[in-house]
Amino acid sequence: MTPTRPNPFSRRDFMRASALAAAGGTLLAGCSTSSSSGSGSKGSLGGTLTMSQPADATTMDPQLQGDVADMNILINMFDCLTTRDSQNRLVGQLATSWTAVNPTTWRFTLRKGVKFHNGEPFNAAAMKYSIERLLDPKTGSPIVEFADAGVTGVNVIDEYTADIVSKIPAPIIPEQCALFDGVMVPPNYIEEKGAAYFAKNPVGTGPFKFVQWQPGAQVVLEANPSYWGGAPSLSQLIIKPVPDSATALASLQSGELDMVTGLVGSDVQPVAGASGIKIVSVPGIRCYFVNLDTEASGPLADVRVRQALNYAVDVDALIKVVLAGYGQQIATMFPSSAFGYSSTVKPYPYDPQKAKQLLAAAGYPNGFSTKMSANATNSLLLQAIAGQLAKVGVQVSQKTYAVQTFTELDYVNQGNALGPTYVVNNSGWSMDAYSYLQSYIRPTSRSSRWNNAQATQLVTTEQTSVEPAARQAAFAQLQNLMIEQAPFIFLFVSDLVLPMSTQVTFKPNALGMQAMTNASIG
Amino acid sequence: MARFVLIRIGHALLVLVCVATLVFFLDRVTGNPVQVLLPPDATVADAQQLSQALGLDKPLIVQYLHYMGGLAHLDLGQSLYYRSDVVTLIAQRLPATAELAAGALVFALVLAVPAGLFAAVKRGSMVDTALMSLVLLGQCTPAFYIGIILIWVFSIIFPVLPSSGIGGLNHLILPAITLGSYSLAVIARILRTQLIEVFGEDYIRTARAKGLSGMRVIVGHALRNASLPVVTVVGLEIGSLLGGAILTETVFAWPGLGQLTVQAIDNRDFPLVQGIVMLFVTTFLVVNLLVDLVYGVIDPRVRLS
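Protein chains in written order, with our numbering: chain F, 1 to 522; chain S, 1001 to 1305.
With the rest of the complex left out, here is chain F (with noise of 0.2 Å):
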């Protein structure tokens, strides 16, 4: 049996997902970005976009970066090996295709004629020095993805050719490196200067360049010309940290920001409609379901307990009051964009007759109570949830966290800290739905309360494979047994919500970070 894995990669935490969740990533008006031409933009030349963020930078280095913040800056100046294109498909960057020459061994051809800002090329040993640099502990990098799947270090075979090596089978490691894991960094340049120096005047291969960050007012980059992608549209991307929502959509209606980024729905209502701004959405990759202890005795061992719990809850209702319509309902707890997503699964419908007949049938024709946890930001949700699983009889009695202790809880004895129930906001930044169920399927997962032989076979399968057909096969077949076992109280996935002006050309992708390398203004 593969030793558990905890989900290696929702590495933001849920506060930080919040921010991520309205940010966008590329856009592409069809082109990949692995072509060598990138203008696919619609607006003019140049031009300056100046866009807000609810939270400043704290490093240059891609590396020790672990904040949504932090990413929507540098995705500008560093390339990874793989990235994600507007239909979300995995696509390479700085690597042109990728095979699995056996489970622990990835190897990867890598994009001739690129060179860093500084002049040093990028090669097969620019990507082993990167990706053991991110594993080395004495950098002390928060990410951990590769760590976590056992990555142990890169092979060089030729200059354009290298193998990633890890001690267990690793399905997803060109998934994983479309995020940090796989950004490439310059060897000369940090071993001349140091990291220090590094961290504060960056340089990767990316479409656009450091040229000053002024901590806590603003990050200022300019084009890069001889991009290996194509010279983007804009020539210089102004990023300000604008923690107050409300601020930053004044800002927006003055003419100072030209977008805003790091809102969900319910925030961008003051400027629905406001002439000269238009508000872009996209469905993203954040996740809410509730977490139910199947394990304890009471109510919740009984699956058709859990069933009617999910009859009662009306999502769309609940998208409607906490996204103000800025989401999409899902079935179990992946969005459509996730390999694994399987249209054949059907969400529960909302029916709270059949809610009360199976509770009846389960021996509580008059409900029962229980109590429900969720961090800040999702108070609204909880009391939301509470309200209509009251409706069926079931009381709930609620308690609300601060985000980080919420965070602290959720380790503590598999989530059992925060009670039997609790709102759960989770992102998977593989895109596969590998990380939106590491947490919570297996019995020794992190945070899973379901014991389920089949679902832990299942889960196996997908984690040890390399092969896609056997994984979406045992995706889907997980997928029907979590309906039918109702571990979960299934919610919706939010939308990325972007308002911004007029004059801007811009899509994100599902992912959200803000990668402007298409963007346009004018």
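Take the hints with a grain of salt, since some may be wrong.
[Unchecked claim] Looking from chain S toward chain F, a few residues come up when the C-beta cut is under 8 Å (computed):
#, residue
1, Gln1035
2, Leu1038
3, Asp1046
4, Ala1053
5, Leu1054
6, Ser1155
7, Ile1166
[Said to hold, decoys possible] Derived CB-CB ranges, DEER-like:
#, chain 1, residue 1, chain 2, residue 2, range
8, S, Val1015, F, Gly119, 53 to 63 Å
9, F, Ser336, S, His1073, 54 to 64 Å
10, F, Leu45, S, Asp1057, 47 to 57 Å
11, S, Gly1200, F, Ala272, 57 to 67 Å
Worth flagging that the hints you see were computed from the coordinates, not collected in a lab.
Ideal Cβ positions, reconstructed from N, Cα and C, are used throughout, including at glycine.
Add chain S to chain F, keeping to what the hints say.
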């Protein structure tokens, strides 16, 4: 006077040592920063590795002695979250906070002195009531509300001022008004109260009887005598302006220490929290010392005692 100052400095140092110790241990009660820095699903091994890299695995007393030793050299350690020197981080943000506090104080004083004076002179009249109601409004309205209203009126409806960020003087106006409104009210009200009390004193009647003009009486005699408690209040306000700018800085995206403090606490960034607290305590102590010295200048009785 020198002896007085030396004793006060000695007290201040003792306070600093006690505060440093208190903050060091209280901080660590709030939780483990390593869990905040890592993704929610990191393994125990990941946590141990990062703990080691950040020096958090050493025994608490070792960390404490290391920290106190660093303090003696004015080395406040490294931020766990930003991975750079706390001193540098604070130094980067301090000018902006100081600028905002200064702007708020200037706004408050420039309006509070005439307001308190006028209200005291015209006490009991409609003018008095109107003035005091207005300043009370500034005191009761929360900073984020005042801020957003000001942005709405002066950046969107009449686009004459920028809505956020730091820059030239025009960027300072709205945040200074927002932050200074509370201090304006406090200073105006206490000045008014003090002046009214002083107006009833014998020496004021004497001055009038001598034939001095109203203005000379007020400024030369009344104001000076009324100002002692006001100076104390101004000193306290400076302290709270520096530390209490968090809401204003958040609303106006002002890159000062306030935002940094909130983030540091949220991130359990102990060295940074400690550094900022030490800075504020030091500032408070220095300001209080200066207030005492100013007392000595204004009131000869204090100097000679």
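- Message: Less than 8 Å between beta-carbons is the criterion; does leucine 1038(S) satisfy it with respect to chain F?
- Response: Check passed: Cβ of leucine 1038(S) comes within 5 Å of chain F, closer than 8 Å.
- Query: How does the Cβ-Cβ distance of valine 1015(S) and glycine 119(F) compare with 53 to 63 Å: does it lie in that range?
  - Reply: 55 Å, holds
- Is 54 to 64 Å right for how far apart the beta carbons of serine 336(F) and histidine 1073(S) are? 58 Å, holds
- With a cut-off of 8 Å, does the beta carbon of glutamine 1035(S) approach a beta carbon of chain F closely enough for the hint to hold? Status holds, d = 6 Å.
- Should the hint that serine 1155(S) touches chain F count as held when the rule is a Cβ pair under 8 Å? 5 Å, holds
- Message: Given alanine 1053(S) as an interface hint, is its Cβ closer than 8 Å to any Cβ of chain F?
- Response: 3 Å, holds
- Query: Between leucine 45(F) and aspartate 1057(S), is the Cβ distance one that fits in 47 to 57 Å?
  - Reply: For aspartate 1057(S) against leucine 45(F), whose Cβ atoms are near 53 Å apart, the range 47 to 57 Å holds.
- Under the criterion of a CB-CB separation shorter than 8 Å, is isoleucine 1166(S) in contact with chain F as hinted? Interface hint status for isoleucine 1166(S): holds (6 Å vs cutoff 8 Å).
- Item | Cut-off 8 Å, beta-carbon criterion: hint that aspartate 1046(S) touches chain F | With a minimum Cβ separation of about 5 Å from chain F (threshold 8 Å), the hint on aspartate 1046(S) holds.
- Cβ-Cβ distance between glycine 1200(S) and alanine 272(F): within 57 to 67 Å? 60 Å, holds
- Message: Given leucine 1054(S) as an interface hint, is its Cβ closer than 8 Å to any Cβ of chain F?
- Response: 7 Å, holds
The structure meets every hint from the earlier list without exception.
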